[in-house]
Amino acid sequence: MTRFSYADGIRQAIAEEMDRDPNVFVIGEDVGAAGGVFGVTKGLFEKYGADRLWDTPISEEAVIGAAIGAALLGARPIAEIMFGDFVTLAMDMIVNQAAKTHYMTGGRLSVPMVVRMVTGTGGSTSAQHSQSLESWFVHAPGLKVVTASSAEDAKGLLKSAIRDPDPVMFFEHKQLYGGRGGPAGDVVEVDPIPFGVGRVWREGTDVTVVTYLKTLEYTMKAVEALAEEGISCEVWDPRTLVPLDREGLRQSLAKTGRLVIAHEAPVRGGFGAEIAAFAAEECFESLRAPIIRVGGTNTPMPYAPVMEGFVVPGPERIANAIRRSVGRPPVVSSN
Amino acid sequence: MTDGRTTTRDDGLELFERMFLIRRFEERASQLRAAGLIPGFLHPCIGQEASAVGVCSALGPDDVLTSTHRGHGHMLARGADPARMYAELFARIEGYNHGKGGSLHMIDVDLGFLGANGIVGAGIPLATGAALQQKRRARGGVAVSFFGDGATNEGAFHESLNLATLWKLPALYVCENNLYGEFTRQDQHQVVKDVAQRAASYGLPGVIVDGNDALAVREVAREAVARARRGDGPTLIETKTYRHRGHFEGDMARYRPKGELEEWLAHDPLDVLSRRLLAEDVASDSDLDEVRAGVERRLDAAVEWATERAHPEPADALEDVYVDAMRGAALR
Ligand SMILES: Cc1ncc(C[n+]2csc(CCOP(=O)(O)OP(=O)(O)O)c2C)c(N)n1
Ligand SMILES: [Mg+2]
Chain X
2 MTRFSYADGI RQAIAEEMDR DPNVFVIGED VGAAGGVFGV TKGLFEKYGA DRLWDTPISE
62 EAVIGAAIGA ALLGARPIAE IMFGDFVTLA MDMIVNQAAK THYMTGGRLS VPMVVRMVTG
122 TGGSTSAQHS QSLESWFVHA PGLKVVTASS AEDAKGLLKS AIRDPDPVMF FEHKQLYGGR
182 GGPAGDVVEV DPIPFGVGRV WREGTDVTVV TYLKTLEYTM KAVEALAEEG ISCEVWDPRT
242 LVPLDREGLR QSLAKTGRLV IAHEAPVRGG FGAEIAAFAA EECFESLRAP IIRVGGTNTP
302 MPYAPVMEGF VVPGPERIAN AIRRSVGRPP VVSSN
Chain R
234 MTDGRTTTRD DGLELFERMF LIRRFEERAS QLRAAGLIPG FLHPCIGQEA SAVGVCSALG
294 PDDVLTSTHR GHGHMLARGA DPARMYAELF ARIEGYNHGK GGSLHMIDVD LGFLGANGIV
354 GAGIPLATGA ALQQKRRARG GVAVSFFGDG ATNEGAFHES LNLATLWKLP ALYVCENNLY
414 GEFTRQDQHQ VVKDVAQRAA SYGLPGVIVD GNDALAVREV AREAVARARR GDGPTLIETK
474 TYRHRGHFEG DMARYRPKGE LEEWLAHDPL DVLSRRLLAE DVASDSDLDE VRAGVERRLD
534 AAVEWATERA HPEPADALED VYVDAMRGAA LR
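Listed in order, the protein sequences are those of chains X and R.
The letter at position 231 of the first sequence is residue 232 when you use the numbering used here, and the numbering goes up by one with no holes.
The letter at position 111 of the second sequence is residue 344 when you use the numbering used here, and the numbering goes up by one with no holes.
Next comes chain X alone, as it looks inside the complex (with noise of 0.2 Å):
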């Protein structure tokens, strides 16, 4: 059997690349000897040295900006920033810098820098190490934002998130990593994932669900609970949220007619919003039911697991949201 974890498809992905391409460097706190917070960069030191896998203070706007700088001459810089939280601490050199060089120079300078970012809930890690942040990166324009779902999209995806000549924002679920510090998993080819192309993770006829990240698991989970009722549901994952695949998910809208939109990041503003706005805007006509967002509540993330728990949405409420949307009663749980 073959074992490959997501932090492997990252970890591979990294490799490769950097194999491939002497201008593809790592860049972050604790990435280089240390293998990184989550192991994901763990033998990558050992085999490639200090040149490629640049350990920094904790300065995460220098660590960025010296990663803008770099590209902007030529390399290929994978910075880490260790919790998607500390990105606002870079923010400005992300939203006012990166995004902007190429458009402000006319198309002279680009920055073909990846900024893999951990995000989303690991278990009580609380307001500051648990947002789910993608859709700002989504309101700046000049940036292109992926959220990997799988270890094969994880590691398709990077490579072309490494190649790609713009920067981009990389997200990666915490709880999809599989565990720090077990042994590495085998090497498993995975070309690069172009981006803009979703994916069907399962066909069905009368729910389109869009979701990503570890929603994508919750999700999994509640349409096959749903199945046994009656209820076939198309799961559709996005993997890029710029540049977003609207094609594909007009061919599923178009089959389903229905649309539910599952995420961690809170609703309000949230990446459903622009998916519900297209679907609305371009979609009319295919659609026969209203659509319906599910996400995090509306609140910073708590630390106390019942509330976690309560902010998150899981399997139950994804499924109540599809139930509503072919139009049947909710099922509340016993607990």
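Source of the hints: derived by calculation from the structure; they are not laboratory data.
Some hints could be false.
As the list claims (entries may be wrong) - To give a feel for the contact side, a few chain X residues facing chain R, derived at Cβ under 7 Å: (1) 129; (2) 299; (3) 303; (4) 304; (5) 307.
Cβ atoms here follow ideal geometry from the backbone N, Cα and C, with glycine treated the same way.
Dock chain R with the ligands against chain X, hints included.
Here is chain R with the ligands on its own, set in the frame of chain X:
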């Protein structure tokens, strides 16, 4: 002291008690986490007790503090209730933050403890602002910020020190230099060895002190507090110390050179103080034993109380987002 002693019996034992309380609070927290009672992160401050207690023992009731991810010691040194701290770590309603914060965000508003912080360096500008308000309201209060060596590589540190000197704010910047930022040794994350040197760039005094000697720390803290209260501006204090454990619970700290921990264990802050109290004949072994036993009893009771507290309701998650949630409208 005129008799050649560095402190009195009451004072010495009180300092020892605070430090021992912190030590045992942390050791027990680590066991309680292993037993499954604490769901989130823990960054134990074992080995750094003298820095917290030395500084806090120089403060008055109007003074306020900001802290870090490694904040339990600062909070206990300020006089926080270990029972409510455990309740928070256990994610119970009667915890300091009603189960919403956990270790990384713990506060005690009544004590002027404005919070631990999950963001490295973030407490520094917050303390700077608190010092600004202390100055504006002119009651003689100061603001203290604790932070690590690693945090001094964040822009927030540099911007804050510049501002505080420019405006002569009544602030104490206390860098607990424990030689590591996460898994990275200080010489791998900054070229200066003494963080206190950085004070020169901003025009404030930078003082280095043995961070494992509570009395020495208190002395420099008192001077800095006096200076701040006089209106002469902020001081940067660097307490040289060491964390005995890994960066967080679960980190085996394999990145440390052999023998380093042992060297620091020989300079354990609790021993430094107790040895001095005994050598100067300020306190006896049985005095110290009595203090230890009292702390254990207090922590027994604290854990028991915290364990019996109720868990929050899931929907409590919706409370406290706004002061005025406009009957829930702001949450939608
Ligand atoms: C802005 C930010 N970057 C990174 C982290 C992750 N992190 C948490 S603690 C820590 C090390 C802090 O080192 P130092 O300031 O020396 O404090 P110490 O842990 O030694 O007490 C890091 C990198 C964080 N919490 N916030
Ligand atoms: Mg440190």
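Hints the structure violates: just list their numbers, smallest first. none
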